[in-house]
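Colleague: These protein sequence lines map, in sequence, to chains A and B.
Mind the numbering: the first sequence is residues 33 to 334 in our numbering, read in order.
Mind the numbering: the second sequence is residues 2 to 449 in our numbering, read in order.
Worth flagging that the hints you see were computed from the coordinates, not collected in a lab.
Be aware that one or more of the hints could be misleading.
Stated by the list, open to error - With a Cα cut of at most 30 angstroms, we get these calculated BS3-like pairs of lysine-lysine: (1) K285/A to K198/B; (2) K166/A to K197/B; (3) K55/A to K82/A.
Unchecked claim - To give an idea of the chain B side of the interface with chain A (calculated C-beta under 10 angstroms), a few residues: (4) S44; (5) L48; (6) W161; (7) D162; (8) E219; (9) A245.
Only a predicted model underlies this, so the values are computations on that prediction, with no experimental measurement involved.
We treat Cβ as the ideally placed atom computed from N, Cα and C, and that holds for glycine.
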Amino acid sequence: MLDKQLILGVYDDGDKLLSSVKKLKKKGVEIFDCYTPYPVHHLDNEMGIKRSNLTVGAFICGMVGFCSGLLLQFYMMTNLLHTFKSWPMIIGGKPQDYGMWPSMVPVTFELTILFTAFGIGFLFFAKSEMIHGKIAQLVDPRQTDDRLFLAVEPTELSKISRSELDTLLNDNGAIEIRERNMDGSDAEAVVHAEPAVEEAPVVEASSQDEADLSEDQKTEKLSLLKSIVGEVAADDKDDLKKISGVGPVYEEKLNSIGIYTFEQVSKLTPETIKAIESLTKYFPGKIEREDWISQAKNLMDK
Amino acid sequence: MFEAQIRQPLVEGNKSIADVSNDICRPIENKPTKLWWLGFTISFAFLLLMALSLGWTVWEGIGTWGVNKTVMWGWDITNFVFWVGIGHAGTLISAILLLFRQKWRMSINRSAEAMTIFAVLCAAQFPLFHMGRVWLGYWPLPLPNAFGSLWVNFNSPLLWDVFAISTYLSVSLLFWYLGLIPDIATVRDRAVSKAKKFWYGFFAMGWNGSARTWHRYEIVALILAGVSTPLVLSVHTIVSMDFATSVIPGWHTTIFPPYFVAGAIFSGFGMVLTLLIIVRKVLNLEQYITIGHLDAMTKVVMLTGSLVGVAYLTEFFIAAYSGVVYEQYAFLNRAFGPYWWAYWTMMSCNLLAPQVFWFKWARTTPWFIFILSIIVNIGMWFERFVIIVTSLHRDYLTSSWAMYTATLTEVAIFLGTMGLFFTCFFLFSKFLPVINMSEVKSIIKSRE
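For reference, chain A alone in the conformation it holds in the complex (with noise of 0.2 angstroms):
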């Protein structure tokens, strides 16, 4: 996990992103980093980075392989560098000299690119730090997968007011905002909003919800989920993750509290769902907003 202190927005489309990339960059904010599951197109220039000079590199590399083809060649077929001790290369009458440079073309053409090709390659991922076996620096293990990451260093709030980033991320169509601590743990209280379609965003999420239940309350509420959506034996279990916003984590997590069929998801009320998020603690919200339940009866029904 990243080892620092965010400001993160989340969205789940690029183009709210970069809208507020945009807007916050209006107002002089720097971005500290964006996470992507894929890449957004000029997000790259809006955040004001700076193009690479890659291609230099990639256009050097490439130079070397054409150097070392020709001399390659040069040093093995002919005696202009004086490398014969004991075998000229005479083949068919072919000229030993400069003059047999046409049979150089494809070897020579081939090694600019193998350069060219792993050394842009190398260079990427020393420029990148990446490594084989390096441990990721995530912000959110849904960062590579369907939701995007806007990230905003606390000192930058300076220059813009807590409630003022707030408004603005959420008017861009940010789902969340969350924050994160030194340790990489999401801090404990959790500013959370709703896109402005529903009611206006209420800081909910009190301490109490993301402290541990005790077990008197996990039973509590296991049993209302029990008495509502009703038991059903693990083998007959349909697959959750075809509901859109489901992954195997996830999928497990419902298992795990007694959740296994389509038609179980489909029953969930309110209160239910108030029990699901404080008993998985997982994004809250969740449910309502990629509507499960409707998913869950068009699934149902196929």
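Using the hints, position chain B against chain A.
Modeller: For chain B alone, kept in the frame of chain A given last:
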């Protein structure tokens, strides 16, 4: 906002970003299906057949093949050129279509590039084992040696081939791997088991989708596409020079490089179609690899097939017009000599069959395209057979004339490389995302 529908959407079914990950990661995150196991077992059996027949070749010697003094290249070089050619479509799709900014490449480039790599691996077996003493297979490399440094011969197209093919293989591998990194990271972050987290994490190289890395990544992709394009053209050009720089009638023609490149793209697209029609069905990816994709690819097949056809006819015309009796004989012998059946198979499969793609029905009916793609593969295999065997079997001296028939060992090796190819492809479809998720996520229109 209203958007005019000029083109069909590239991805159907109103997918969200999460859908893309879920759909494409499904084969990786779930247990393989029965169909997968069936296909994998059959392929693996053929791979064992390859090991067996190559082992037999090494143990007993090249005498187990049907090649002789006159026809010294038989099925082996035919298969070599066939497989190298197949590889070309992958690079064409991922590199050339990237330069032309053709977005439909995005859901097929991953599997096409994988196909390139596996095909080149198959191709490499043939020259290596044709050397006879395969344990000396490193001799074509320019290494200092114990003969007072007797170097390799850079005047020889066979050596150019060594450089071309090995560069092609390694650059394709790099390009493919680079494209895979963001997707491997996605699989890593979705993984539940520790082993998966570790292995995908290992190969993801710490990818986190930072905007700065994406910025560099796109530059690298563009440069790699830029160098792969001339590379892919050079590879089959150099393969064709194995023939064209010789003085054998039927080989010694300047039309060979462009004609071989067109043929390679043609056969490669044939194989891409064969594979993708199966993949989209078996892995339920019909909304990603749409009829639109098949339509576009069949158009390429039709174009390159016709180009190859023009080359066949040009060769014939030039032979007649040149007034060189050896050339004239070589071509008449191709069409009406003892190997006439191979020649006419080639003509009908490569020149005539793809012409059905003028009709929209033919371009949009998967089962029909599947059959046609098999026909294209057969035709292109025969093209190489015709070029190699018919040109060789009638030498300048009538006393050296000979016929060539493949032996069971040669057939087994060829079927075996099919096994190698499909084994690799099945493993790929189980362990890696067959569609480039990160690119597809950037082209789905309907993001809420």
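Colleague: For each hint, tell me whether it holds in the structure or not.
Modeller: Status of the hints after comparison with the structure:
Restraint check for K285/A and K198/B: satisfied, since their Cα atoms lie roughly 18 angstroms apart, inside the 30 angstroms limit. Note on K166/A and K197/B: the hinted pairing holds, with a Cα-Cα distance of about 15 angstroms set against a maximum of 30 angstroms. Proposed proximity of K55/A and K82/A is supported: the alpha carbons are some 19 angstroms apart, at most 30 angstroms. Below 10 angstroms, beta-carbon pairs count as interface contacts, and S44/B has none with chain A, the closest being about 27 angstroms; its hint is therefore violated.
The beta carbon of L48/B is not positioned within 10 angstroms of any beta carbon in chain A (closest approach about 28 angstroms), and the interface hint is therefore violated. With a cut of 10 angstroms, the hint placing W161/B at the interface with chain A holds, because the nearest CB-to-CB distance is about 4 angstroms. Nearest Cβ of chain A to the Cβ of D162/B: about 9 angstroms, under the 10 angstroms cut. The hint holds. Of the supplied interface hints, the one on E219/B holds, with its beta-carbon coming within about 6 angstroms of a beta-carbon of chain A, less than 10 angstroms.
Violation of the interface hint for A245/B is found here, the shortest Cβ-Cβ separation to chain A being roughly 12 angstroms, above the 10 angstroms cut-off.
Checked against the numbered hints above, the structure breaks hints 4, 5, 9 and satisfies the rest.
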